[in-house]
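Student: Residue strings, one per chain:
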Amino acid sequence: MHSEFLMGNAAIARGAIAAGLNVVCGYPGTPSTEVLETAAKCNRGNLYVEWSVNEKAALELGAGAAYCGARAMVTMKQVGLNVASDPLMSLAYIGVKGGTVILVADDPGPISSQTEQDTRTFAAYSKLPCFDPSSVQEAYDMIQEAFAYSEAYHTPVLFRPTTRICHGYASVTVKDEDEYLVNTPEGFVKDSSKWVIFPRLSFRAHADIEQRNAKLSEVFSGYTRNEIQPAGTGIRKGVAAHGINYAYTAEALQNLTEKPAVLKIATPFPFPEQKALEFLRSVDEVLCIEELDPVIERALIFVCGKYHLSVNIRGKLSGDMPASGENTCASVAAALAKFMGAALPETAKRPEPPALPVRPPVLCAGCPHRASFYAVKQAMKGQKAVFCGDIGCYTLGNAMPLDMVDTCLCMGAGVNITQGIGKIEPDTVCFAFVGDSTFFASAITGAVNAVYNQANMTLVVLDNSTTAMTGHQPHPGTGRTMMGQIVDKVSIEAVLHGVGVKTVETVNPLELEKAIETVKRVSAEDGVKAIIFKSPCAVLIKPESPAVIDTDKCTNCRRCIKQLGCPGLVLKDGRVHIEQALCTGCGLCAQVCPFEAIGGASCRETS
Amino acid sequence: MQRNILICGVGGQGIVLTGKLISAAAMARGIPVMSAETIGMAQKGGSVFTFLRLGDDLHCPMFPPASADLLIGFEPAEAVRMLPYLKEGGKVIVNTHAIMPVTAALSGSDYTGTEMLDYLKQQVPALTALDADAACKELGSPKVLNMIMLGAAIRAEVLPFTTDEIEDVMRKTVKPQFAEMNARALRYE
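Chains as they are written, first to last, in the numbering used here: chain A, 85 to 691; chain B, 67 to 255.
Isolated chain A (complex conformation) (with noise of 0.2 Å):
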């Protein structure tokens, strides 16, 4: 043992290795990115990793991993659940051979999410026992147990940490390499009557699934992660907590002098029925302190109509706490104070400061995502056009004063709704916006669906070489793997000319002039067509040298600034002016101006 300064998700990487690990595999998002990434690079060469197309790809490689008996994690953010469901609902019925641990970071908030949806509700839909752990110590304590249940009870378990976890940094105690456990596959055994689903299989495989749900109620009564800790002397009120929640609700209470009794939850399903009625005996009244979906809320109202306790139960479905959104130590603090009587410390009130600037996020200076939609837009003008977004970090291509994502949806789904668009307006011009990565998680099916389906649509695939969004991870384009390996890339033009796309055309939308006679050409065709800008995300290129005003040329008419709105181009002194800093000398700024006032470094800025 000894101890690291660890981020949550780094965290939860090294358990699922001390655990035995053999293979993990996932989809990047935020907040769970960190995990797969950490396992990658702590691999010691006997751990097989993969970023794989996407969620639902990772699950299936993940099942068949442990129907050879290997330890497996698969890795995603909540909405990728949603895309992994399918092969989930079932893989609860097969069951696994090795510990099997899905990994859903949810994100209260939501912070960097479509949706507020919650991995506990999603774990009784599938039937799946799930995990949630309380901080980054937890998570490494916990991840190891997880996987130990999921061997025993041949079934994959949910493992689902929130933002706070994940990002979260703590010293940690962890295990030596020595301690590590380690997992040696048997290997495939075929075996039709286990391995195949078949409605015979389901029906008796649903009967097993709940006997054993209801076992392990039980066993998770005794599970010590589940636990009460009693009320001061006289008190009968209680508090139930959850995850993150917990550790606020306990800092909480380091202030309150009367301490109710807290249930912590740590594996929401199964619900600990045996635990809770325990804890529900002591107390009249419970403050459930949840975020996301009220799961021990409903749970305890249950117990308590089961065992025909009179507790009042209180949470997000009494209006006691807020229905959506994250909790924090502070509005737990003062949500504790008020259900217990407290007064909140006073403290120091300020008064009103300056207005703050508002600093949103936006694409970065040099992003070619700002030429591409700025190009897109440019040839559209004074046409009726729509123009699908999609997931990644061009959707801020929605931002004035670009203003050029009209909807957003979920991964891959712009494709497919400029198709619905366009069914019912088909005066209009249709375009969709796609990543790179998103182009080869889920977008290719919606291309296929288009040329089948006779659309009238203009696919424009944002190239950038890397899936930038969740910090540059490398995909099927890029010809790397997470191995380590330089494999062929996968080409997006020959995948659009294979499914029957025929005019696909590549360019840099650097190239501003030439980039909106390409936009303005193809988009006038019958049909599907592609057009693939083509511009290394800016981040991972080294920079050119950085753009500069020639004071006597520029008029400052801020044309560039209300065109392009990059981060690069500052008002200094009333005058627009390059940040130094900033600038990569993408050269967009120098097309658009109409003086011809921006230049490379023989432009020499004399203010």
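Just so you know, not all the hints are guaranteed correct.
Pairs of lysine-lysine, DSSO-like flavour, derived with a Cα cap of 30 Å [stated by the list, open to error]:
hint: 1; chain 1: B; residue 1: Lys241; chain 2: A; residue 2: Lys626
hint: 2; chain 1: B; residue 1: Lys238; chain 2: A; residue 2: Lys125
hint: 3; chain 1: B; residue 1: Lys157; chain 2: A; residue 2: Lys626
hint: 4; chain 1: B; residue 1: Lys86; chain 2: A; residue 2: Lys422
hint: 5; chain 1: B; residue 1: Lys241; chain 2: B; residue 2: Lys187
hint: 6; chain 1: A; residue 1: Lys181; chain 2: A; residue 2: Lys278
hint: 7; chain 1: B; residue 1: Lys209; chain 2: A; residue 2: Lys626
hint: 8; chain 1: A; residue 1: Lys465; chain 2: A; residue 2: Lys626
hint: 9; chain 1: B; residue 1: Lys203; chain 2: A; residue 2: Lys626
hint: 10; chain 1: B; residue 1: Lys153; chain 2: A; residue 2: Lys343
hint: 11; chain 1: A; residue 1: Lys125; chain 2: B; residue 2: Lys241
hint: 12; chain 1: A; residue 1: Lys465; chain 2: A; residue 2: Lys598
hint: 13; chain 1: B; residue 1: Lys86; chain 2: A; residue 2: Lys259
hint: 14; chain 1: A; residue 1: Lys656; chain 2: B; residue 2: Lys187
hint: 15; chain 1: A; residue 1: Lys433; chain 2: B; residue 2: Lys153
hint: 16; chain 1: A; residue 1: Lys465; chain 2: A; residue 2: Lys637
hint: 17; chain 1: A; residue 1: Lys259; chain 2: A; residue 2: Lys274
hint: 18; chain 1: A; residue 1: Lys125; chain 2: B; residue 2: Lys86
hint: 19; chain 1: A; residue 1: Lys433; chain 2: B; residue 2: Lys157
What the hints contain is simulated information worked out from the structure, not anything from laboratory work.
Start from chain A and add chain B according to the hints.
Tutor: Showing chain B alone in chain A's frame:
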């Protein structure tokens, strides 16, 4: 001993590394550490922060408002934004150099940071304001901004470390060719 520290600024200023060095110094001393930072879309140009907690009996990586013993603000408005987290009597180190957001250029506003610094001066008795960007120019690299700020923070005597201890962990973290310049920045006064 428990210490709550908040480091804030604009993405790209080297805030994450500053937090990492303080954490590493604590680990070297065997002091338990927790921290939390902004990750994701705020990478560049957005408001970013690192919450850091040192000491025993820590439960969560973030702390409630009015709890920070020390606030290290790399940008005046960002220091003001996070000021509610400062506890009464807490110290603030602020860089006086303002960073204009892209939206300010679009809307034509002229944010300079002066009003933010005035507000800080009124509200924080234990305020150290320094032009760390000017110091960077003097030292010859914009990349040592975080070390200048960290050096000033150490001298405020809230963190339980000496400059030597921070220099030690810094040398283990940064590339050897940058160590000397960073060491000078740590001691810049």
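Student: Work down the list of hints and note, for each, if the structure agrees.
Tutor: Outcome of the hint check:
For the hint pairing Lys241(B) with Lys626(A), the CA-to-CA distance comes to about 18 Å; that is within 30 Å, so the pair holds. Straight-line distance between C-alpha atoms of Lys238(B) and Lys125(A) comes to about 19 Å, which keeps the hinted pair within the 30 Å bound. At roughly 39 Å between alpha-carbon atoms, Lys157(B) and Lys626(A) are farther apart than 30 Å, so this suggested pair is violated. With a C-alpha separation of about 37 Å, the suggested pair Lys86(B) and Lys422(A) falls outside the 30 Å cut-off, and the hint is violated.
Between the alpha carbons of Lys241(B) and Lys187(B) the distance comes to roughly 37 Å, so the proposed pair goes past 30 Å and is violated. Restraint check for Lys181(A) and Lys278(A): the C-alpha separation of about 11 Å stays at or below 30 Å, so the hint holds. In summary, the hint linking Lys209(B) to Lys626(A) is supported, as the alpha carbons are separated by about 16 Å, within the 30 Å threshold. Under the criterion of a C-alpha separation no larger than 30 Å, the hint pairing Lys465(A) with Lys626(A) is inconsistent with the structure, at around 33 Å.
Between the alpha carbons of Lys203(B) and Lys626(A) the distance comes to roughly 22 Å, so the proposed pair stays at or under 30 Å and holds. Taken as a hint, the Lys153(B) and Lys343(A) pair is honoured in the structure, with Cα atoms around 25 Å apart against an allowance of 30 Å. Only pairs whose Cα atoms come within 30 Å are accepted, and Lys125(A) paired with Lys241(B) is accepted, the gap being roughly 19 Å. As the CA atoms of Lys465(A) and Lys598(A) are separated by approximately 16 Å, the hinted pair is consistent with the 30 Å bound.
With a C-alpha separation of about 22 Å, the suggested pair Lys86(B) and Lys259(A) falls inside the 30 Å cut-off, and the hint holds. The straight-line distance between the Cα atoms of Lys656(A) and Lys187(B) is roughly 25 Å, inside the 30 Å bound, and the hint therefore holds. The hinted pair formed by Lys433(A) and Lys153(B) meets the criterion: a straight-line CA distance of about 11 Å does not exceed 30 Å. A hinted pair counts as satisfied when its Cα atoms are at most 30 Å apart, and Lys465(A) with Lys637(A) qualifies at roughly 27 Å.
Distance check on the hinted pair: Lys259(A) and Lys274(A) sit about 36 Å apart at the alpha-carbon level, beyond 30 Å; violated. In summary, the hint linking Lys125(A) to Lys86(B) is supported, as the alpha carbons are separated by about 19 Å, within the 30 Å threshold. Among the hinted pairs, Lys433(A) with Lys157(B) is consistent with the structure: their alpha-carbon atoms are about 17 Å apart, no more than 30 Å.
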